[in-house]
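Visitor: In terms of the numbering used here, the sequence shown opens at residue 1 and continues consecutively.
To be clear, the hints were calculated from the coordinates, so they are not data collected in a lab. Where hints are given, some of them may not hold.
[Unchecked claim] In silico SDA-like cross-links for lysine to any residue, where the CA-CA straight-line distance does not exceed 25 Å: (1) K72 with E83; (2) K150 with L118; (3) K150 with I107; (4) K72 with W85; (5) K60 with I28; (6) K72 with G124; (7) K150 with Y52; (8) K150 with D120; (9) K150 with E129; (10) K72 with I38; (11) K150 with G105; (12) K60 with G41; (13) K72 with T24; (14) K150 with K72; (15) K150 with T24; (16) K60 with H43; (17) K60 with D146; (18) K72 with S23; (19) K60 with D33; (20) K60 with M133; (21) K60 with G124; (22) K150 with E134; (23) K150 with E104; (24) K150 with E89; (25) K150 with E58; (26) K72 with P61; (27) K150 with M133; (28) K60 with A144; (29) K72 with E129; (30) K72 with Y52; (31) K72 with G122; (32) K150 with S23; (33) K150 with L31; (34) K60 with S23; (35) K60 with D82; (36) K60 with E134; (37) K150 with A63; (38) K60 with R50; (39) K150 with D82.
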Amino acid sequence: MFRRADRRRADHRRTSLRDAQLSTTQTIRALCDLGESICSGVHVIYSPLRMYLCVSMEPKPEALQAQRLADKRAAAGMFAVDEAWSAAEVNRRWARRAVLTDSEGNILEEAMRGARGLTDVGRGEAFFEYNAMERYPEQMYLQAGDTRVKVR
1 MFRRADRRRA DHRRTSLRDA QLSTTQTIRA LCDLGESICS GVHVIYSPLR MYLCVSMEPK
61 PEALQAQRLA DKRAAAGMFA VDEAWSAAEV NRRWARRAVL TDSEGNILEE AMRGARGLTD
121 VGRGEAFFEY NAMERYPEQM YLQAGDTRVK VR
């Protein structure tokens with residue numbers, strides 16, 4: 001009885017995710033204009049269940065200045081306006097509209113269905129989370145309107 005249970009545990013240990021390669025990473029230099037922000041690169045993590053993206057982006061000076069003025073008006077002197085908050089808000093405008101597409105602009109439903117998509121935005125990056133796919137297209141993009149960033 002004990003030997004059979006021990007054998008099952010040993011089989012389970014051999015096939016656990018701990019023994020498998022959990023993730024692969026890829027960094028892409030992707031310099032492109034996103035309207036109010038500039039993208040400099042993308043870091044991608046492919047795991048068995050999810051695909052995580054970190055898009056490095058900085059707001060353009062004129063967009064950042066306009067956002068800081070809008071934030072100061074909204075604060076109405078009640079609190080100080082932080083430049084990092086304003087920069088994140090500029091980056092968020094592009095990132096919240098971004099969808100995952102293939103090279104022809106078709107939305108990758110398998111990756112997006114039920115996924116969180118945009119998870120966080122900072123002054124210098126935007127983070128995305130999508131479902132892992134059985135097979136990834138040769139080329140993938142994050143696209144918002146006419147602008148897109150190559151992520152594969």
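Visitor: Now tell me, hint by hint, if it's right for this structure.
Guide: Each hint tested on the structure:
1. Note on K72 and E83: the hinted pairing holds, with a Cα-Cα distance of about 11 Å set against a maximum of 25 Å.
2. Taking the CA atoms of K150 and L118, the gap is near 16 Å; set against the 25 Å cutoff, the hint holds.
3. For the hint pairing K150 with I107, the CA-to-CA distance comes to about 14 Å; that is within 25 Å, so the pair holds.
4. Between K72 and W85 the alpha-carbon distance is near 11 Å, which keeps this suggested pair within the 25 Å criterion.
5. With a CA separation close to 21 Å, the supplied pair K60 and I28 stays within the 25 Å bound.
6. Taking the CA atoms of K72 and G124, the gap is near 21 Å; set against the 25 Å cutoff, the hint holds.
7. Proximity of K150 to Y52 is assessed by CA-CA distance (about 14 Å); at most 25 Å being required, the pair is judged to hold.
8. Pair hint K150 plus D120 holds up; C-alpha atoms about 19 Å apart against a cutoff of 25 Å.
9. Between K150 and E129 the CA atoms are separated by roughly 16 Å; this keeps the pair inside 25 Å, and the hint holds.
10. About 24 Å separates the Cα atoms of K72 and I38, which keeps this hinted pair within 25 Å; it holds.
11. For the hint linking K150 to G105, the alpha-carbon distance of about 12 Å falls within 25 Å, and the restraint holds.
12. For the hint linking K60 to G41, the alpha-carbon distance of about 16 Å falls within 25 Å, and the restraint holds.
13. This hinted pair does not check out: K72 and T24 have alpha carbons roughly 43 Å apart, beyond 25 Å.
14. Between the alpha carbons of K150 and K72 the distance comes to roughly 35 Å, so the proposed pair goes past 25 Å and is violated.
15. Taking the CA atoms of K150 and T24, the gap is about 17 Å. The hint holds against a cut of 25 Å.
16. Among the hinted pairs, K60 with H43 is consistent with the structure: their alpha-carbon atoms are about 21 Å apart, no more than 25 Å.
17. At most 25 Å may separate the alpha-carbon atoms for a hinted pair to count; K60 and D146 meet this at roughly 18 Å.
18. For the hint linking K72 to S23, the alpha-carbon distance of about 43 Å lies beyond 25 Å, and the restraint is violated.
19. Among the hinted pairs, K60 with D33 is consistent with the structure: their alpha-carbon atoms are about 9 Å apart, no more than 25 Å.
20. About 34 Å separates the Cα atoms of K60 and M133, which puts this hinted pair outside 25 Å; it is violated.
21. Restraint check for K60 and G124: satisfied, since their Cα atoms lie roughly 11 Å apart, inside the 25 Å limit.
22. For the proposed pair K150 and E134, the alpha carbon gap of about 20 Å is at most 25 Å, so the pair holds.
23. Taking the CA atoms of K150 and E104, the gap is near 12 Å; set against the 25 Å cutoff, the hint holds.
24. Using a Cα cut-off of 25 Å, the hinted pair K150 and E89 holds, with the two alpha carbons roughly 22 Å apart.
25. With a CA separation close to 16 Å, the supplied pair K150 and E58 stays within the 25 Å bound.
26. Proximity of K72 to P61 is assessed by CA-CA distance (about 16 Å); at most 25 Å being required, the pair is judged to hold.
27. Of the pairs offered as hints, the one joining K150 and M133 holds, with about 17 Å between alpha carbons and a cut-off of 25 Å not exceeded.
28. Only pairs whose Cα atoms come within 25 Å are accepted, and K60 paired with A144 is accepted, the gap being roughly 17 Å.
29. With a C-alpha separation of about 32 Å, the suggested pair K72 and E129 falls outside the 25 Å cut-off, and the hint is violated.
30. Distance check on the hinted pair: K72 and Y52 sit about 34 Å apart at the alpha-carbon level, beyond 25 Å; violated.
31. Taking the CA atoms of K72 and G122, the gap is near 19 Å; set against the 25 Å cutoff, the hint holds.
32. Restraint check for K150 and S23: the C-alpha separation of about 20 Å stays at or below 25 Å, so the hint holds.
33. At most 25 Å may separate the alpha-carbon atoms for a hinted pair to count; K150 and L31 meet this at roughly 9 Å.
34. A hinted pair counts as satisfied when its Cα atoms are at most 25 Å apart, and K60 with S23 does not qualify at roughly 34 Å.
35. Between K60 and D82 the alpha-carbon distance is near 16 Å, which keeps this suggested pair within the 25 Å criterion.
36. Only pairs whose Cα atoms come within 25 Å are accepted, and K60 paired with E134 is rejected, the gap being roughly 37 Å.
37. Between K150 and A63 the alpha-carbon distance is near 23 Å, which keeps this suggested pair within the 25 Å criterion.
38. Using a Cα cut-off of 25 Å, the hinted pair K60 and R50 is violated, with the two alpha carbons roughly 31 Å apart.
39. At most 25 Å may separate the alpha-carbon atoms for a hinted pair to count; K150 and D82 exceed this at roughly 31 Å.
Of the numbered hints given earlier, the model fails hints 13, 14, 18, 20, 29, 30, 34, 36, 38 and 39; all others are met.
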